[in-house]
Amino acid sequence: MEQAVPVVELRGITKRFPGIVANDNISLQLRKGEIHALLGENGAGKSTLMSILFGLYQPDEGEIYVNGSREIIDGPGKAIKLGIGMVHQHFKLVQNFTVAENIVLGIEPRRGFSINYRQAHRKVSELSEQYGLKVDPKVQIQDITVGMQQRVEILKTLYRGAEILIFDEPTAVLTVQEIHELMQILRNLAAEGKSIILITHKLKEIMEVSDRVTVIRRGRVIDTLTTSETNESELAEKMVGRRVSFQLDKEKREPGPTLLQVNHLTLRGSDKGRNVLTDVSFEIRAGEIYGLAGVDGNGQHELVDAITGLRPIESGSVVLGGVDLTRKSVRDRMSAGVAQIPEDRQKQGLVLDFKVSENMVLTTYKDSRFGRGGFIDEKAINEHASKLVGEFDVRTAGIHVPMRSLSGGNQQKAIIARELTRDPQLLIAVQPTRGLDIGAIEFVHERLLQAKNEGKAILLISYELDELYKMSDRIAVIFDGQIMGELDSEEVDDEKLGLMMSGNRLKGEGGGAA
Amino acid sequence: MTKWSQIFIKSNLLVPLVAIVLGLLCGALVMWLGGYNSWSAYSALFHKVFGSSYDIGETIRTITPLLFTGLSVGFAFRAGLFNIGAEGQFMIGMTAATIVGVKLHGLPAIVHAPLALVVGALAGGLWGAIAGFLKSNRGVNEVISCIMLNWIALYLSNYLISSLVLEKGQQRSEMIQESASLSIGWLSKALDNARMDWGIFIGMICVALFYILLWRTKQGYELRAVGHNADAARVSGINVKGSMLKSMMISGIFAGLGGVFEVLGVFHYQVVTAASPGYGFDGIAVALLGGNHPIGILLGSVLFGALTYGSAGMNFTANVPTEIVRIVIGCIIFFVASHGLIQMFLKPRKPGRKPKKKGAVDGGSDLGLG
Amino acid sequence: MKRTGMRSASLVLTLVVSLVLVLSACGKSNNNEGAASPSASSSPSESASASPSESASASPSESAAPTVDGKGKKIGMVTDLGGVNDKSFNQQAWEALEKISKDTGADVKYLESKKDADYEPNLNNFVKGGYDLTWGIGFLFADAAKKVADQNPNAKLAVIDTTVDAPNVESVTFKEHEGSFLVGVVAGLTTKTNKIGFVGGMELPVIKKFEAGFKAGVAAVNPDAVVTPNYVGDFSKPDLGKLAAATLYDAGNDIIFHAAGGSGNGVFTEAKDRFKAGNKVWVIGVDKDQSIEFGNDITLTSMMKKVDQAVYTVSQDLLSGKFQGGLANAKELGLAEGGVGLPDNNPNVSKEILDKVEEFKNKIVSGEIKVPTE
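Chains as they are written, first to last, in the numbering used here: chain A, 1 to 514; chain B, 1 to 370; chain C, 1 to 374.
Because the hints were derived from the structure by calculation, they are not lab data. In this text the structure is predicted, and so the values were computed from the model without any measurement. Check each hint, because a few of them may be wrong.
What the hints assert, rightly or not - Have a look at the derived ranges for each label pair, beta carbon to beta carbon:
(1) A:Tyr-65 with B:Gly-139: 14 to 20 Å
(2) B:Trp-186 with C:Val-365: 30 to 36 Å
(3) A:Gly-132 with B:Gly-139: 49 to 55 Å
(4) A:Lys-366 with B:Trp-151: 39 to 45 Å
(5) A:Asp-211 with B:Gly-139: 54 to 60 Å
(6) B:Leu-14 with A:Lys-366: 36 to 42 Å
(7) B:Tyr-211 with A:Asn-231: 58 to 64 Å
(8) A:Asn-504 with B:Gly-139: 46 to 52 Å
(9) C:Pro-347 with B:Trp-151: 19 to 25 Å
(10) A:Asn-504 with B:Arg-138: 40 to 46 Å
(11) A:Gln-142 with B:Gly-139: 45 to 51 Å
(12) C:Lys-276 with B:Leu-33: 40 to 46 Å
(13) B:Phe-50 with A:Gly-373: 41 to 47 Å
Claimed, not checked - Listing some non-contacts, in silico: residues in chain B with all C-beta distances to chain A over 12 Å:
(14) Cys-26
(15) Thr-217
(16) Val-235
(17) Ile-238
Unchecked claim - Derived contacts from chain B toward chain A, CB cut-off under 7 Å, selection only:
(18) Gly-139
(19) Asn-141
(20) Arg-216
(21) Ala-225
(22) Ala-230
No residue lacks a Cβ here, since even glycine has one placed at the ideal position from N, Cα and C.
Just chain A, with the same shape it has in the complex (with noise of 0.2 Å):
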């Protein structure tokens, strides 16, 4: 094994935060040219563990090798001179401007006192054609997609002389081809000589892209395995330290009548005057779920909106149950049977600092049952909470807490229990799965599925497509507030749901109800 000198070498990285230990006495080492996945659930430590690297962090204990000699790395500047880049999950880019531009930016070349920008462009095309980057330095970063941004904060950390990268979450943002074409790309890295960790918790990229891979639980080093020895559920079972079932039981029933009617729905911004939604129309019926694809920002925040009333539509209807609820209130409509998990828990779902009972009450706490007169019964509310917390296994230090101390998962649990108890018809889930571990993902899902399984109608909309794959009876595509079409969940396909997401009609559907 230790045939050469490894490029990285981390030996006994410890890092304590007070009252917790990220990282417990880690070692690892990058080889030159492979591609090291770094497999771990949120808050395993893989994130603190990369600062470190990075200069971010200092460990409390450990050692850093680079090409054989120990470093102190006490600062990016110092990662950057070592050779070290990172490709961060959040761009950090001057969206105004050109992509030559931020490449340069802070190193630029200079011809006396001004840029030399001709210099800047052609060795940007020079990295960019080399690792079939495939970008026009002289654009405008506003002006190009996501997918291309990231390939500017490759190229960046490249023209900084980088041969190590680290990839932190470097799918979570792209569609489904643009995550195709960085696998290329990091392939075409590896094979001109550059090492790679790539933090990620998604199993098939791993096993697609990865030469080896070391899963961190819990700040320490479960394994370090070849990825071509292994496989999906010996990963999953070690990063979650227990046997972990993919196969859900969704079983093909016959769905219901249909319960929500969207028709014709159309939604100007609130800023430009443009259509955000235009002429949206779908069905979902009992015991169905509706899955809804398509790159975030195509309309998926309006839709929610129109249909749970929190902002007033252009034209169109929406009918839950034969009842039309296009003109009534946030709060009818929730009588009505309308239900929401929305996809920022903290901001929209929660009241963080509203203890956890008082939490668990927030879309019911009018209902008779937990107080008469305008007056609060607490006794019931608390009642009630411990119910749901016991029921949906929400770990908490208690129900007078603060719903802030607890975990992302917990707190989505929360939300789940309190919205699947109050017997929706309807229930609008948006990336219900947004952040959380494994096994949060698992129980959200079997929720879902259950909660289908007793006849609720349910719109799913996400980002993951393998979460709607594995969900949705059908899924739709949104794009530009617009439905390119809609599949069922047999026929489905990456290649259509690509085409489809990047605004081409599917041929043979109008783009209207099934």
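Given the coordinates of chain A, assemble chains B and C onto it according to the supplied hints.
Here is chains B and C on its own, set in the frame of chain A:
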């Protein structure tokens, strides 16, 4: 009933106590630098507050308006609004009570006084509701509108008093009718002619109402939800606009009541004045001192009121000039109000910072992710 | 990270708010020119920062007390909201008491009122502390002094600018209208444009007295001249005073009489600006001889109101056992008593005009002319 007991748990009580001690020490330092005997100054302050039945009565009289404006500001804070306009609501409440108190004749006291009280309180509430309406329906920042409304209230009050009820040849209104008085004669007699009125008792009731309304009713639940997270409240079907309006109205009622007792209980007339009395601004300090909790506000107003009234003793008995007295009081309030600073001093020695734990790790990964 | 960020943000907010509160509490003493102090002059006074400790330690031995011995006697004084350093009548009164202390060896002390509600407890503080005389400075003391006097019939009190009907209160008021009449005479004879301005603090009865007397004085010597009043609405806003003066000067008025306290300082500033620009305009000062502070280039004359003299006299009477309370003994100091009038030196007023002033003064003193008060 967890909230009531929570107030008395150690950490809640410890921080203000340390703050008061630090403030007193800092004030002592200032006096020492100025060449004054801080021990005799503080004992003079203490003596001034508790020295005689008259002083105790007058201290309570000083506390009363602070309690009301403190409750006013604190209530709005709980609902996520910064009511800097308690001053104006106080003035308007005062003016309405004066006009009702002076102009209505021949009513029995049992009708007249409560009527003047209710009218004054409602007038204050409506004045607050103006800012609430501008905020909820027009998106006007309540701080800005409240500051403007404070001036309007001052000049409107002056205009109303001078044009409707001015005592001839004087700079003040006519005396209110005896039937509108909320003073308590026998209590004043008992306390050596200190000006005593029903204000402090109604104030106590308001403390309880503050608590019950916010933590025992569904309306209060809504107001607090909007205060903490208006987005989540809106998604949960709560009428956010209506809540803001109600919060400011209730807040204004508290401030208006303060004005009512100032005129019906203490002065029995209202002065045409170039500057408003400043109780609304003191109320901000009181609410801060009390952590926006009704019991805290009560204690805060007691502290603030006692310091204000007792400071005359420091000046009088210990010969500390008023400028230095004001610095000393400023020090104490500064330390109590900036309790975050005290917590910083206290924290490192306490092991096991539970709520911080998660934050630190989150912080770590956030940095890593960018 | 977000959370700690929020926490530190709220910490900063708390700090800022508390700092603002502290600062505003400190600043109050300067901003709150008492509503009841209609006029404020600002003669630079060495004893402006007089502290009670200084006066208390003033040893009786060095005081030359030829007629009155005040040793062992105590006199207290309660200011109105303006505070003891208001450069106006609170300060004048306190300076008088300091002089009493020096001359007679009596102990003197003051208490400042921060709110209207403080008047009563502050008076009580002296009364219950066994003081031989307690002053209330400013006419808002009327009700407080009446109440305290009734409740403590053995105590002696005195008030300035208001009248209290109680046997143990001596009231001192001034006939501001008489003094204003005389400066009106000066203005009426000096104006070239026949347009004269009046800048008042607030439209209160006391200030109306100034205006009425002034108008009558102008009318008596120059029936063609028009007096235009302009009220600022505040006693402590020099910027508004300047604005009011500018409006009047722009309209062709060449003389302005102000009774606007601190706001009046703005009238002088405006006049000074115009004088520098080559336009000759006049201001008539109030309370003290304001030419001492603002110079003879723009100060025509001043309507003096001798609060210090009154406080001194009444305090001296008390020490020599001649205190006279009650409505019947209320002092109303006018021209006859020397309580109001023009300064001794008036370099900008001609001999003829001064003779005219003297003539009217005699008519008022003799009762031939009755000056209106509103």
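Do the hints match the structure? See the list:
no. : hint                                 : verdict
1   : A:Tyr-65 with B:Gly-139: 14 to 20 Å  : violated (58 Å)
2   : B:Trp-186 with C:Val-365: 30 to 36 Å : violated (52 Å)
3   : A:Gly-132 with B:Gly-139: 49 to 55 Å : holds (50 Å)
4   : A:Lys-366 with B:Trp-151: 39 to 45 Å : holds (40 Å)
5   : A:Asp-211 with B:Gly-139: 54 to 60 Å : holds (56 Å)
6   : B:Leu-14 with A:Lys-366: 36 to 42 Å  : holds (39 Å)
7   : B:Tyr-211 with A:Asn-231: 58 to 64 Å : holds (60 Å)
8   : A:Asn-504 with B:Gly-139: 46 to 52 Å : violated (41 Å)
9   : C:Pro-347 with B:Trp-151: 19 to 25 Å : violated (43 Å)
10  : A:Asn-504 with B:Arg-138: 40 to 46 Å : holds (44 Å)
11  : A:Gln-142 with B:Gly-139: 45 to 51 Å : violated (28 Å)
12  : C:Lys-276 with B:Leu-33: 40 to 46 Å  : holds (44 Å)
13  : B:Phe-50 with A:Gly-373: 41 to 47 Å  : holds (44 Å)
14  : Cys-26                               : holds (30 Å)
15  : Thr-217                              : violated (5 Å)
16  : Val-235                              : violated (5 Å)
17  : Ile-238                              : violated (8 Å)
18  : Gly-139                              : violated (13 Å)
19  : Asn-141                              : violated (20 Å)
20  : Arg-216                              : holds (6 Å)
21  : Ala-225                              : holds (5 Å)
22  : Ala-230                              : violated (10 Å)
Checked against the numbered hints listed earlier, the structure breaks hints 1, 2, 8, 9, 11, 15, 16, 17, 18, 19, 22; every other hint is satisfied.
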